[in-house]
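Taking the hints into account, I'd like the entire structure generated from these sequences.
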Amino acid sequence: MPRTHEPEDGWGAIIVRFRLYVAGNMPNSRRAVANLRKFCIDHIAGRYTLEIIDVYEVPERALEDKVMLTPLLSVETPHGIKRIAGDLSDRASLAAAIDAGSLG
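Here the numbering used here is used: the first residue of the sequence shown is 1, the next is one more, and so on.
Please note: incorrect hints may appear among the correct ones.
To be verified - If you anchor each label on the Cβ, the simulated ranges turn out as follows:
id: 1; residue 1: D99; residue 2: E57; range: 25 to 33 Å
id: 2; residue 1: D65; residue 2: D90; range: 19 to 27 Å
id: 3; residue 1: A92; residue 2: E57; range: 26 to 34 Å
id: 4; residue 1: P27; residue 2: V58; range: 14 to 22 Å
What the hints contain is simulated information worked out from the structure, not anything from laboratory work. Glycine included, every Cβ here is placed at the ideal spot set by N, Cα and C.
In structure tokens form, the structure reads like this:
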């Protein structure tokens, strides 16, 4: 079952919705989860939702969402949806995907 993190102050404060597709406990998937959580704590604490989808547990979800590789991050902001593949160690790519310059 997907795990979701929602901030206590509700949807009004949300600036970004993350959906991270992982492949079980594979090293790249573990790194992607750790890197994304660290980025969120450091830059957008309390202003995001995070859904982690293990494609081994719910393969139909990956097919539905046209996910062909893992780890894959879907980033939804008011400006649109972007996808980033890999272990998410490139913080500049994460910042660009959420338009970090406009976060205030």
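Verification of the hints:
1. For the hinted restraint 25 to 33 Å between D99 and E57, the CB-CB distance of approximately 31 Å keeps it satisfied.
2. Between D65 and D90 the CB atoms are about 22 Å apart, so this pair conforms to the stated range of 19 to 27 Å.
3. At roughly 31 Å, the beta-carbon separation of A92 and E57 lies within the given 26 to 34 Å, and the hint holds.
4. For P27 and V58, the hinted distance range of 14 to 22 Å is satisfied, since their beta carbons lie about 21 Å from each other.
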